Amino acid sequence: MASPGASTLPVLDVAGLAKRFGHVRALRGVAFTLGAGESLAVFGPNGAGKTTLLRVLAGLLRPDAGTVRIGGALLARGEASHRGRVGLISHHSLLYDGLSAAENLAFYARLYGLAEPHAAAARALEGVGLAARAGDRAGTFSRGMVQRLAIARALLHDPDVMLLDEPFSGLDQRAAAALRALLGRLRAERRTMVLVTHNLDEGLELATHVAIQVAGRFASLAPRDGDLAAYRARYAEATAGDA
Amino acid sequence: MTATASAERALRRGGVLMAVGLLMVAGVYVRALLFTPEEATQGLAQKIFYIHAPSAWVALYLAYGIVGIFSVLYLFLRDPRLDLLASSSAEVGTVFTTVVLVTGPIWGKTIWGAWWTWDARLTSTLFLYFIYLAYLVLRSAVEEPGRRARYSAVLGILGALLVPFIHMTVYLFRTLHPMPVVLQPGRPRVPGAMLVTILYSFLAFTVFYFGLLWRRYAWARLAAARAQGDAEGGADATR
Amino acid sequence: MRSVLGQAWAIAAKDLLLEFRSRTAFLSALVFTALVLAIFNFARDPTAVSSVDLAPSVLWITFSFAGVLGLNRAFSVEKENRTIDGLLLSPASRTALYLGKALANLVFVGAVEAIALPLFALFFNVPLLDVLGPLVLVIALATVGFVAVGTLMSSMAVNTRFGEMMLLVLVLPFLITPVSTAAEMTAKLFAHRPFAEWAPWLKLLGAYDITFVVLCTLVFEFTLEE
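Chains W, E and X are the protein sequences, given in the same order. Final position of the first sequence in the working numbering is 243; the numbers increase by one with none missing. Final position of the second sequence in the working numbering is 239; the numbers increase by one with none missing. Final position of the third sequence in the working numbering is 226; the numbers increase by one with none missing.
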């Protein structure tokens, strides 16, 4: 699907992913490949299995079938080393309200085995413009600031692949614009990203490739080749049969 | 053969074994009451032993052993049928444990005049009951089948390893504490006819257990197959 | 700090820092202890049962239930903002997560015990100081056994419908051995019985601890979503 770019191995290579919960088949054969600097935006209605897909990519869920490879290496259960190559931003912040911003990041830096946790935390805070609030408890942050802190957390260990699950949800205009700028910067840094959302307005312009996920599989998957209106039409068509 | 049909066939076969077991258990009653001599000191009340003891064997060792073994197997193989088997055994085991806990006090009341004493075996059984109940409550509190199976398996393994510790704990208390002279249900010196009845009753209850287990397991498989069919049939219908 | 122990320590330190700042679970446990003391004061007939006889049972009932209050805290704290995902996403091993949580629980329960014990000695008028060494050993061993199983169970209970009640139901059968052996040994210590008299219980408790610490560590990863 995508030309891998400079290296011969794709950064993210997914094949035949399937996952069921009881009688619900959340994923029914999802496959795609991404090279360095490429971003995939996955649009789909609620219940399409987008979050499940992301959790499998992150290594949080074990698929019933299929493989995920990062830089050619298989992401297998129990392989802790691969977890350092993936960063996740979801609509939950994954941060401790009772700890300060710096404490949160230092904790994660320790878990990721970074050499100087406090220095790494300070750098990450600078990178998202939160250095001034380093000592404040995360519980006092606004939604937009929480999102920025979450991004700092996700970037701490310099992951190869960034996964974003509805990152714009709950953000006001200003915070959303700030987030868009941040993601633009990540793209410029040639990070590989997968973003899932039910809202076409978000993230379309950031993506190099677009997929529409319906009922556990990709109804369409192709390099981005149209504007918002075109995708709206395609999306409506793809989701029409799945009431 | 579809999953549903296969489960239904298993249900019928399990029913046969269960009926056989039930007949054998009835046979125990007949044999115990009519063909076995009365025990000297206790008289008629002693005959409860023929129900109490084999139930205890099934409940404490057989049923829970199977729960433990299949819990381990499930965690390795992840086949949902292994989980169904373990949980079926837990349910049947709970029933047998209830029998022990009911017949025990009845016997006790007749012999010693007290409904409950902290007798070693009865106490162990009571504590084992708590493990069974915890297992069943846990299953009822988890909706998603995969997680339910995983959690049950974890508890099943831990519980199986707890059983010997409970026995040892109770044993320590009973042997190192002076106790009123208590009947030894395990090792009476028995005349031939009684021995035969005892052995036969153990066999009968074991068969009955397997019959119940088979039937309960088949029932569980049937329920799962039906639910599966509904879910997939429904999903296909909208496409 | 990639080693398992290093990660476990980071997790435990984080837990303790959070608890230190909010103090809710700790204070609940202390309030519970005070309540038990007050109730026993009013409920007992001093002429009927000597308080020294009653003390070990009361002590261990208190430790058990106060302990369960602390156990709940361990994984419920990771539900907010789904921080459990953050832990599972990281390279931290599942064993490190278990050990870290267990360690934090140990410190927590230990702290409650350290405050409750002198209060009990005072109130029940038991000779504590001369048997303090062995008593602390007994308490430590029983707490280890209790925390090992309780940490594992709380990882499951937090995801069930009944939450805290579920934890109690799951953990209760496993308390039988540690609590009853510890209560027995406590009684023997208060009565200044020789070591030979309570040695068998010590061995049983030790065997229980080893078995269940190992088992729970091995089995813990199966309680996490995958």
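Hints were generated in silico from the structure; no laboratory data involved. Computed from a predicted structure; not experimentally measured. Some clues are possibly wrong.
[Stated by the list, open to error] With a Cα cut of at most 20 Å, we get these calculated DMTMM-like pairs of lysine to aspartate or glutamate:
#1 109(E) with 119(E)
#2 79(X) with 119(E)
#3 188(X) with 144(E)
#4 79(X) with 197(X)
#5 79(X) with 209(X)
#6 47(E) with 144(E)
#7 79(X) with 172(W)
[To be verified] Which chain W residues stay away from chain E? Per the calculated CB distances, all over 10 Å, these:
#8 21
#9 22
#10 23
#11 69
#12 181
#13 207
#14 235
#15 238
Idealized CB from N, CA, C, for every residue including glycine.
Now for the hints, and whether the structure bears them out:
{"no.": "1", "hint": "109(E) with 119(E)", "verdict": "holds (13 Å)"}
{"no.": "2", "hint": "79(X) with 119(E)", "verdict": "violated (44 Å)"}
{"no.": "3", "hint": "188(X) with 144(E)", "verdict": "violated (48 Å)"}
{"no.": "4", "hint": "79(X) with 197(X)", "verdict": "violated (46 Å)"}
{"no.": "5", "hint": "79(X) with 209(X)", "verdict": "violated (29 Å)"}
{"no.": "6", "hint": "47(E) with 144(E)", "verdict": "violated (46 Å)"}
{"no.": "7", "hint": "79(X) with 172(W)", "verdict": "violated (25 Å)"}
{"no.": "8", "hint": "21", "verdict": "violated (6 Å)"}
{"no.": "9", "hint": "22", "verdict": "violated (4 Å)"}
{"no.": "10", "hint": "23", "verdict": "violated (3 Å)"}
{"no.": "11", "hint": "69", "verdict": "holds (23 Å)"}
{"no.": "12", "hint": "181", "verdict": "holds (39 Å)"}
{"no.": "13", "hint": "207", "verdict": "holds (28 Å)"}
{"no.": "14", "hint": "235", "verdict": "holds (19 Å)"}
{"no.": "15", "hint": "238", "verdict": "holds (13 Å)"}
Consistency note: the structure conflicts with the earlier hints numbered 2, 3, 4, 5, 6, 7, 8, 9, 10.
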